[in-house]
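Student: Residue numbers (the numbering used here), protein chains in the order written: chain A, 1 to 95; chain B, 1 to 244; chain C, 1 to 336.
Note that these hints are calculated values from the structure, not bench results.
Here a beta-carbon is modelled for each residue, glycine too, at the ideal position from N, C-alpha and C.
Worth double-checking, as some hints may not be accurate.
To be verified - Stretches of chain C that chain B covers, calculated by requiring three or more beta carbons in the stretch to come under 8 Å of a beta carbon on chain B:
| id | region |
| --- | --- |
| 1 | 75-85 |
| 2 | 90-100 |
What the hints assert, rightly or not - SDA-like mimics (lysine to any residue), calculated; alpha carbons at most 20 Å apart, straight line:
| id | chain 1 | residue 1 | chain 2 | residue 2 |
| --- | --- | --- | --- | --- |
| 3 | C | K307 | B | D90 |
| 4 | C | K269 | C | W212 |
| 5 | C | K119 | C | L244 |
| 6 | B | K128 | A | L36 |
| 7 | C | K176 | A | G49 |
| 8 | C | K235 | C | I153 |
| 9 | C | K307 | B | G89 |
| 10 | C | K235 | C | A86 |
| 11 | B | K128 | A | R46 |
| 12 | C | K325 | A | A32 |
| 13 | C | K307 | C | R161 |
| 14 | C | K119 | A | R40 |
| 15 | B | K128 | A | D5 |
| 16 | B | K128 | B | D146 |
| 17 | C | K235 | C | R56 |
| 18 | C | K325 | A | D5 |
| 19 | A | K68 | C | Q226 |
| 20 | C | K325 | B | T199 |
| 21 | C | K126 | C | W270 |
| 22 | C | K325 | B | V194 |
| 23 | C | K292 | C | R124 |
| 24 | C | K176 | C | P158 |
| 25 | C | K325 | B | G89 |
| 26 | C | K325 | B | A186 |
| 27 | B | K128 | A | R37 |
| 28 | A | K68 | C | V34 |
| 29 | C | K325 | B | T148 |
| 30 | B | K125 | A | R40 |
| 31 | C | K194 | B | L235 |
| 32 | C | K292 | C | Q226 |
| 33 | C | K194 | B | D90 |
| 34 | C | K325 | B | E150 |
| 35 | B | K128 | B | G89 |
| 36 | C | K126 | C | H276 |
| 37 | A | K68 | C | A24 |
| 38 | C | K126 | C | K325 |
| 39 | C | K194 | B | S243 |
| 40 | C | K269 | C | L244 |
Letter by letter, the chains look like this.
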Amino acid sequence: MTHTDWPLWEVFVRSRRGLSHTHAGSLHAPDAELALRNARDLYTRRGEGVSIWVVPSSAITASSPDEKDPFFEPAADKPYRHPTFYEIPEGVQHL
Amino acid sequence: MTTTPAKDTAVTAAALALGDDALVLSHRLGEWAGNAPVLEEEVALANIALDLLGQARVLLSMAGDEDELAFLREERAFRNLQLVEQPNGDFAHTIARQLFFSAHQYLLYAELAAGDGPFAPLAAKAVKEVDYHRDHARQWTLRLGDGTEESHTRMQRAVDALWRHTGEMFQPVEGIDVDWTGLETAWLEWTTEVLRRATLTVPEGPRTGAWAAGAGRQGLHTEPFGRMLAEMQHLHRSHPGASW
Amino acid sequence: MATAAARDTAGSRAYDVMAADDTAAHQHAFDAAVAADERIEPRDWMPDAYRATLVRQIAQHAHSEIIGMQPEANWITRAPSLRRKAILMAKVQDEAGHGLYLYSAAETLGTSREELLDKLHSGRQKYSSIFNYPTLTWADVGAIGWLVDGAAITNQVPLCRCSYGPYARAMVRICKEESFHQRQGYELLLALSKGTPEQHAMAQDAVDRWWWPSLMMFGPPDDESQHSAQSMAWKIKRHSNDELRQRFVDICVPQAESLGLSLPDPDLKWNEERGHHDFGAIDWSEFWDVLKGNGPCNEQRLTRRRKAHEEGAWVREAAAAHAAKHMNGETGATRA
């Protein structure tokens with residue numbers, strides 16, 4: 001029966017204008033158009049959204065947990081990227 | 001709202017006709033709960049049923065008490081189209097019924113919404129809901145018609161079976177002032193195009209029969225409708241005067 | 001991204017076997033994450049038994065949602081007012097939605113929905129025994145909302161903090177949506193309880209029939225529960241069966257009083273010393289019997305589920321065939 005399996009889609013919903021789309025969940029659909037409609041019916045039936053993206057799950061490339069350290073740790077020791085790193089004399093404004 | 005008695009009677013009659021359409025179709029769609037071909041479709045069909053039930057409640061309330069009207073009228077007092085009372089059949093039958101009815105309802109509500117009659121506020125809200133119902137039916141008609149051999153056969157059978165109930169949708173209804181002939185032309189054009197794209201044949205048979213033409217609107221229904229009402233009404237009727 | 005990542009699970013597991021040395025390190029990292037109350041995500045290494053436990057539990061939960069549609073759908077066509085009809089339809093629809101969220105969560109563990117449904121249909125995976133009881137009157141819809149959903153919520157709220165991320169996130173969404181389920185049930189029963197004598201009797205009868213099965217929903221007593229200890233250690237489960245059952249009884253007693261309905265347990269009384277209600281012994285032989293398939297509706301529920309699935313096969317095939325024929329959809333709108 002595998003040939004009748006509908007592919008999995010990831011659903012991203014913009015909850016209101018001005019916000020970005022965020023991952024809401026996933027669902028099955030035979031094609032993009034029905035995926036979009038199924039997403040509307042499932043993930044916005046309580047008025048949770050104003051715009052939807054659907055993406056075939058197979059199209060997503062994810063970083064691997066095994067690469068977590070080389071990927072993300074080097075960013076941890078660069079405090080000079082954050083504004084709080086810098087000391088500014090008291091009374092100086094608009095900085 | 002104008003308040004001449006004659007006008008009110010006409011509005012009441014029209015509210016019943018439109019309200020019964022929505023109520024009965026909603027009930028039929030509710031019968032799918034737990035039986036849909038795939039979970040995603042459970043959710044979709046229930047959304048449509050809930051939209052229709054919402055419309056029915058507004059419309060019936062324009063004509064009287066919604067529950068009295070829904071649960072205490074006899075079969076011959078219902079004014080819905082015979083199309084909407086047709087049993088669900090297989091998924092193809094349900095989709096064909098949705099295609100024919102929602103295309104009609106969309107055109108009718110669009111025109112009512114554009115006017116300033118008593119149904120304009122309801123129609124303005126409902127037309128957006130129905131637009132989605134129509135799209136849902138169209139998407140599925142395309143997939144079933146142009147899917148597998150089996151689905152094509154089933155969809156064609158459904159279209160053929162329900163075709164004779166489609167003429168009734170354009171019988172003028174008292175209290176609704178729209179261009180019925182124009183609606184019918186637009187409906188035929190849209191429906192024909194969808195069927196053609198779905199590789200289905202537009203049926204050649206009559207769109208009304210001796211029994212179908214205007215019958216639902218006059219309280220003449222088909223056999224399955226009585227059983228549907230019996231089920232829908234029995235609990236309410238078993239406890240006269242009770243509140244729920 | 002959770003679900004997408006599931007595809008790679010098999011691959012990363014093979015890798016783990018090759019790098020045997022890493023297993024200990026992985027186990028250590030996993031234990032540390034659980035101990036620190038961090039979430040485990042789909043592509044993280046996890047013990048096979050943890051994965052198997054989750055698949056079993058999430059699948060059973062998903063199956064319960066979709067089988068659970070049946071007893072209530074049984075009354076959609078007979079709902080006694082249009083307001084109640086709308087509420088019930090929306091509730092049964094939510095259950096389909098919840099089933100969907102949960103199957104998606106299970107899929108992040110590398111098991112497809114089709115596979116899980118197949119196991120349900122062939123009886124290899126279970127659903128909650130409570131749905132093997134029949135809904136005989138309209139009041140049963142209320143009793144299910146108040147007691148069955150109430151018990152489910154008591155069970156589920158702690159699952160929002162479950163150690164497995166996708167399951168916890170699904171539960172957050174579900175719990176949010178479920179809050180109306182219990183309230184509508186309570187309100188329904190209240191209307192009956194305050195209604196005609198016949199309606200009141202109907203409500204009492206439903207509560208009498210659903211009370212004990214609801215208590216059984218928390219599972220066997222702690223000393224007989226085979227999976228509990230490990231699940232607690234993994235933080236899949238946060239409280240013991242008996243603890244949650246007690247919490248539920250304590251919540252229900254005053255609610256029943258406000259309803260003007262009694263609970264069918266002569267031994268139910270407040271224990272000042274414990275600060276909890278004592279309650280009578282549960283008939284666990286009934287529980288095991290229903291679980292084994294001898295409940296009033298086991299056969300009926302599964303048969304109907306299989307029938308819906310089988311009758312839907314041609315529809316699913318048609319849509320798949322159509323998609324294969326028309327690879328480029330007709331609208332093809334890009335992100336906007």
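Student: Holds or violated: K128(B) and D146(B), Cα atoms, limit 20 Å.
Tutor: Between K128(B) and D146(B) the Cα gap is close to 27 Å, so the pair fails against 20 Å, i.e. violated.
Student: So if I understand the rule, the pair passes when the alpha-carbon distance is 20 Å or less; does K126(C) with H276(C) pass?
Tutor: violated (32 Å)
Student: Does K68(A) pair with Q226(C) here, judged by a C-alpha cut-off of 20 Å?
Tutor: With Cα atoms ~36 Å apart, K68(A) and Q226(C) exceed 20 Å; violated.
Student: Checking one constraint from the list: CA of K128(B) to CA of R46(A), max 20 Å. Satisfied?
Tutor: holds (16 Å)
Student: Quick one, are K125(B) and R40(A) close enough, alpha carbons at most 20 Å?
Tutor: Roughly 18 Å separates the two Cα atoms, so the pair holds.
Student: Would the pair K194(C) and D90(B) pass a check requiring their Cα atoms to be no farther apart than 20 Å?
Tutor: Judged against 20 Å, a Cα distance of about 42 Å means the pair is violated.
Student: Going straight from one Cα to the other, do K194(C) and L235(B) come out at no more than 20 Å?
Tutor: holds (18 Å)
Student: Decide if the proposed pair is consistent with the structure: K194(C) and S243(B), CA atoms, cutoff 20 Å inclusive.
Tutor: This hinted pair holds, its Cα atoms lying about 9 Å apart.
Student: Are the Cα positions of K128(B) and L36(A) separated by 20 Å at most?
Tutor: holds (17 Å)
Student: Are the Cα positions of K325(C) and G89(B) separated by 20 Å at most?
Tutor: Given pair K325(C), G89(B) is violated - Cα atoms ~27 Å apart, limit 20 Å.
Student: Between the alpha carbons of K128(B) and D5(A), is the straight-line distance 20 Å or under?
Tutor: violated (32 Å)
Student: Is the straight-line distance between the alpha-carbon of K176(C) and that of P158(C) 20 Å or less?
Tutor: Holds, because 13 Å separates the two Cα atoms, which is no more than 20 Å.
In the structure shown, a violation is registered for the earlier hints numbered 5, 10, 13, 14, 15, 16, 19, 21, 25, 26, 33, 35, 36, 38, in ascending order.
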